[in-house]
Amino acid sequence: MSILTDLRIAAVGDIHLGEDGRGHYRRKLQGIEERADVFMLAGDLTRHGTLEEGKVVADELRDLPIPAVAVLGNHDYHSDMEHEIAEELRDAGVIVLDDDGVVLQCGDMKLGVVGGKGFGGGFAGKCASEFGEREIKNFVAHTRSIAEAWKLALKEIVADERVVLSHYSPIKETLEGEPAEIYPFLGSYLLAEAVDTAGADLILHGHAHKGSPKGMTPGGIRVRNVALPVLGRAYGVYCLDCENGS
Amino acid sequence: MEAPQYVAARVQQALAEDGRTNELGIRVDIRGDQLFLRGQVSEVEQRTRLGQVAHETAPELRLHNEINVVDATEPGEDEHLD
Ligand SMILES: [Fe+2]
Ligand SMILES: [Fe+2]
Numbered sequence: 001m002s003i004l005t006d007l008r009i010a011a012v013g014d015i016h017l018g019e020d021g022r023g024h025y026r027r028k029l030q031g032i033e034e035r036a037d038v039f040m041l042a043g044d045l046t047r048h049g050t051l052e053e054g055k056v057v058a059d060e061l062r063d064l065p066i067p068a069v070a071v072l073g074n075h076d077y078h079s080d081m082e083h084e085i086a087e088e089l090r091d092a093g094v095i096v097l098d099d100d101g102v103v104l105q106c107g108d109m110k111l112g113v114v115g116g117k118g119f120g121g122g123f124a125g126k127c128a129s130e131f132g133e134r135e136i137k138n139f140v141a142h143t144r145s146i147a148e149a150w151k152l153a154l155k156e157i158v159a160d161e162r163v164v165l166s167h168y169s170p171i172k173e174t175l176e177g178e179p180a181e182i183y184p185f186l187g188s189y190l191l192a193e194a195v196d197t198a199g200a201d202l203i204l205h206g207h208a209h210k211g212s213p214k215g216m217t218p219g220g221i222r223v224r225n226v227a228l229p230v231l232g233r234a235y236g237v238y239c240l241d242c243e244n245g246s
Numbered sequence: 001m002e003a004p005q006y007v008a009a010r011v012q013q014a015l016a017e018d019g020r021t022n023e024l025g026i027r028v029d030i031r032g033d034q035l036f037l038r039g040q041v042s043e044v045e046q047r048t049r050l051g052q053v054a055h056e057t058a059p060e061l062r063l064h065n066e067i068n069v070v071d072a073t074e075p076g077e078d079e080h081l082d
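Line by line, the protein sequences give chains A and B.
Using the working numbering, the first residue of the first sequence is number 1, and each one after it goes up by one.
Using the working numbering, the first residue of the second sequence is number 1, and each one after it goes up by one.
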């Protein structure tokens, strides 16, 4: 017998909480457990990446009624406190991915989530390559090693559905609305290539505040830009149809 | 006189790099002696700070702070992916 169950994922990126956000953000999440099985945060949780802001985010997300999975964004790295911020979030019960994966039990379903901040470099045909100055080579090599880690993590994970959570974009369709000149700083096709190779059911990202909500990888995996200014609402809810053969 | 493009670029850098704002997605346009800020933020205070930093960077220009404040509270409609 096979039954269809929906796996409901609430997601948002770029909430950019400052210290004046304390005590305000949590009310937006009221009742989230009735709408979704899991909450995903696609990075840029803080404004300047200070430890104080990290603590605000951790307190606002503390002990949510559903599991929360997060990655950090470039803003969360700005003050070189990314590890400390991640620890604050983990202490508050948030799962923080850093180019690795986790499997969550949602009812009868196993949901695998793989991801991390991601990085830039641009898109096939119009991208940086590992050539020339050390600075450019380091830039591209950083993205390449991230993509490699995601591919490995996706291949290792055993789950009914697999979602990739990133800050930077794997495709350019969800960047439409941003100036084309800055696409190389908004994402990289290497991320999409890695996920297409290993396979996944959905990719969520943020970062492109002026981008577009929907796109698809060359391999046909759905991509959603969940940056708060793009959603224009507290979070989006994405339902994966799961066929649960038993 | 400095070309307006350079002034606009300097204002945009200031909005991104100033610790009070660190806002990357603001559009800065200069027409004559007028400075226009456009974009979207989630708090009124942030809009005010952006105006302040822009004014300090180019005090000779008349500032028009046209940034929108969008405070998203409702979760909205579900999307079914099948
Ligand atoms: Fe952001
Ligand atoms: Fe970002």
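Incorrect hints may appear among the rest.
As the list claims (entries may be wrong) - List time: in silico EDC-like cross-link candidates among lysine to aspartate or glutamate, alpha-carbon distance up to 20 Å:
hint, chain 1, residue 1, chain 2, residue 2
1, A, K210, B, D29
2, A, K214, B, E79
3, A, K28, B, E66
As the list claims (entries may be wrong) - To spell it out: a stretch of chain B is covered by chain A in this simulated footprint if at least three of its residues, at any positions, have a beta carbon under 8 Å from a beta carbon of chain A; those stretches are:
hint, segment
4, 15-27
5, 41-51
6, 66-74
These aren't lab readings, by the way, just hints derived from the structure by calculation.
Here a beta-carbon is modelled for each residue, glycine too, at the ideal position from N, C-alpha and C.
Results for each hint:
1. For the hint pairing K210/A with D29/B, the CA-to-CA distance comes to about 17 Å; that is within 20 Å, so the pair holds.
2. Under the criterion of a C-alpha separation no larger than 20 Å, the hint pairing K214/A with E79/B is consistent with the structure, at around 11 Å.
3. Between K28/A and E66/B the alpha-carbon distance is near 26 Å, which puts this suggested pair outside the 20 Å criterion.
4. Taking a C-beta to C-beta cut-off of 8 Å, the segment 15-27 of chain B contributes 4 residues in contact with chain A, enough for the three needed, and the coverage statement holds.
5. Under a criterion of three residues with beta carbons nearer than 8 Å to beta carbons of chain A, the stated coverage of the segment 41-51 of chain B is upheld, 4 such residues being counted.
6. Here the segment 66-74 of chain B counts 4 residues with a CB under 8 Å from a CB of chain A, which clears the bar of 3, and the coverage holds.
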